[in-house]
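K.L.:
So the protein sequences, as listed, match chains C and R.
Counting in this note's numbering, the first sequence tops out at residue 450, every number present.
Counting in this note's numbering, the second sequence tops out at residue 450, every number present.
Just so you know, these hints were derived from the structure itself, not from any lab.
Among the clues, some could well be false.
When chains are identical, the list treats them as one kind, so a pair holds in a single copy or across two.
Said to hold, decoys possible - Okay, derived cross-link-like pairs now, DSBU-like style, lysine-lysine, Cα gap no bigger than 35 Å in a straight line:
# : residue 1 : residue 2
1 : LYS298    : LYS251
2 : LYS414    : LYS10
3 : LYS104    : LYS409
4 : LYS13     : LYS104
5 : LYS10     : LYS306
6 : LYS140    : LYS27
7 : LYS414    : LYS48
8 : LYS59     : LYS122
Number of protein chains: 2
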Amino acid sequence: MDIKFLYDNHDTLKEQKVTIIGRVRSNRQGKVVSFMVLNDGTVLNDLQVVYKPETIGFEDGSKARVSSIVEIEGILVPTPSRPQPFEINATSIVLLDQAVEEYPLQKKEHSPEFLREISHLRARTKTFQAIFRIRSTAAFAIHKFFQENNYVYVTTPVITSNDAEGAGEQFVVTVNEDKDYANDFFGKKASLTVSGQLNGESFAQAFKNIYTFGPTFRAENSHTTKHASEFWMIEPEVAFADINENIQLMQDMLKSVVGYVLEKNMTELEFLQEQLEPGLIDKITGIVNAQFKVNTYEDVLKTLQNAIDKGHKFEENNIYFGLDLGTEHERFICEEINKCPTFVINYPKDIKSFYMKQNDDGKTVAAVDLLVPGIGELCGGSEREANLDKILQRCEFYGINPEELDWYIGLRKYGFYKSAGFGLGFERLIMYITGASNIRDVIPFPRTPKSLLY
Amino acid sequence: MDIKFLYDNHDTLKEQKVTIIGRVRSNRQGKVVSFMVLNDGTVLNDLQVVYKPETIGFEDGSKARVSSIVEIEGILVPTPSRPQPFEINATSIVLLDQAVEEYPLQKKEHSPEFLREISHLRARTKTFQAIFRIRSTAAFAIHKFFQENNYVYVTTPVITSNDAEGAGEQFVVTVNEDKDYANDFFGKKASLTVSGQLNGESFAQAFKNIYTFGPTFRAENSHTTKHASEFWMIEPEVAFADINENIQLMQDMLKSVVGYVLEKNMTELEFLQEQLEPGLIDKITGIVNAQFKVNTYEDVLKTLQNAIDKGHKFEENNIYFGLDLGTEHERFICEEINKCPTFVINYPKDIKSFYMKQNDDGKTVAAVDLLVPGIGELCGGSEREANLDKILQRCEFYGINPEELDWYIGLRKYGFYKSAGFGLGFERLIMYITGASNIRDVIPFPRTPKSLLY
């Protein structure tokens, strides 16, 4: 039996004999009775075990250190007056494996910084159990949403020869390390992907609805709480779809994923609400129930200018067409003005990517960012440029050699009528859902500049 | 509407007006009526459209080349006497985007070799639509199986500093390409992972049940039909579990995944059975219904020797304790002798990995490979060595510096009582389920030595 089984069935198991293997979280001897708190990771809750000198194996049990593994046989007893609904009166204890005294996770609180240094152990703490279980649930919720809507999951390649996308600095993948790429493993320069989007788009032309979900990489020397060198992205793409359908998809996906986590992980959310972010559950429940708004970029500029005229101070008060909105602007729009998640559409073409569809106004593209309260931009997407000449113009503008992406650009020659998609940084979503404030704390083994542990 | 919607609802839609956007597969003019075959990728089946000179847009429609995108308005008409259950009598055709004449996928058959050169387009062919849709379904089925059984999905890192596992040659990840690792991005040598197992094991100590599902890499100059430089692995790990529970898990997982594909993708399987492998559906249905057998390695040796004594010829007829079984031996055991999927357990310790649990006989380890008819080894796993001294002995034997893996080996100090898991190469499973004979044909964008396209 595992501890989840006891929690799921304690009503029918009361006064029954149960057997459990678990890890000792604490163990203290009283004069009459002793208490051992166990966890086995199958559920966030601990199991309280009561044992006495007459319990078989009392000697071994009373020696069991924190993190040791014990097997308990005992009777499940309801405890309606206590916080936990039941406990185990042990009839026997077997010490299966004794932990050393120097186990780094003793009962006291540890700083997130210390725990990051022991990422192979920190998932044993309740906070990280909660975070990583939610990460797992959310990953599944994403697959479930897309699969139920007939999207094909495409695993786009990690090793790529595309280096013209401009999404960020790339790592080189090599066996020779001598920059002689013709003689390297692939016979050409190979890098770690920054995005699966372009590959995904080619598959959307085959399946109409596809999504990617895999690791992406940035070789950027960023030391912020929001950037990691390795992180996971979700990139859906839909052929024959425009920006409005893209907006609808973002909203549907986000509500579905957050709703599924609320359904499956309320225990974890309640714990994290207490530990990391007051109001967390209301915040994410708000996403599920909200009617999202849509604003144009130019309307957002007007709103920001109005606020400034009325005395509001941003760090960046110079509002002009072409401004890349900062997080302060994004949060102001969705938190102070709209008070709900907000799509901003039709950004200036020169601050967005070469593949985005140019609008008829000649100055904006059919791009969309989703801004959410508490974080700002959560995901971004666009309708793609279908016109071959127009996309070639944008390549020229950005200094992209179209020959390096001829396979991608050339899709427009083989029947191409609208395509739209977006990218969601998975860790950013998990930070939002769990209240974790550092991306290093939502990745099992985070990779950042000068840090590569385990 | 998409074409899947028409197939799912053609009974209720009969004689109704429908509107469809699709890609032209073929277009031929008759004297009285013309026929256009469309596909939109939402379902394997095509849609037949009948149009006539009086159809609005007839001129444009009759010019539409293969791969062009058209919008059709028309009446859905049942065709009970034909292979397809219905067709569309077009009332109007709009040519949304005309394809160039040089579209590489014209109606004729193409070789797999040619199609591998255009992996950004080949998913538009029916064979690859079937394969990649099954790949997507199977990926989801894996997540579904583990999530429903309370396993936590752990995304183990792609970039790693572990280089002592011995699972295969590794790619180097660098920004400087000068072998001065102290001044490189991570301040130490970084590689692409060959397995998430060790990281996964540390999380199994936290959650009891975990699984990984992500890309892994081999910098090996293999030019076989079964090896790729980048492929996906599933690596579950269960704490407090022994080899018998591992065997049960492999069997349950495989039956669940294959069963789900049979439930969701019968159209695709029927198509692939016709195109790639006669008897495919019976073969995989056999997996779902089979009672798997368990043989020890030593019993397998006896069986092989018996067969040789009776005149059976293998390419390798020298059967001895320590032999690494070849595919011919594996297939002989499960196809000729057991006639069912077979677990082989208790391999010689010196041909298996350092982390596998040593059995009491002093010569074997608690390893298990699953052999299936038609392919041989499908997955392999083991119970892990729990004893610190014993694992250190095996490190010494293999020349592994234990300090490089002290975090992993040291897990045994912090309460460690049994752990077991296995690895399944996802592409090998997809080859088995789809009948594809080359790993390059089950990966959207395959990476192999000297080949890095798109």
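K.L.:
Compare the structure with each hint and give your call.
P.N.:
Outcome of the hint check:
no.: 1; hint: LYS298 - LYS251; verdict: within (29 Å within a copy, 59 Å between copies)
no.: 2; hint: LYS414 - LYS10; verdict: between (61 Å within a copy, 29 Å between copies)
no.: 3; hint: LYS104 - LYS409; verdict: between (64 Å within a copy, 20 Å between copies)
no.: 4; hint: LYS13 - LYS104; verdict: within (33 Å within a copy, 69 Å between copies)
no.: 5; hint: LYS10 - LYS306; verdict: neither (65 Å within a copy, 61 Å between copies)
no.: 6; hint: LYS140 - LYS27; verdict: neither (53 Å within a copy, 48 Å between copies)
no.: 7; hint: LYS414 - LYS48; verdict: between (72 Å within a copy, 27 Å between copies)
no.: 8; hint: LYS59 - LYS122; verdict: within (24 Å within a copy, 65 Å between copies)
In terms of the numbered hints stated before, the structure departs from hints 5, 6, listed from lowest to highest.
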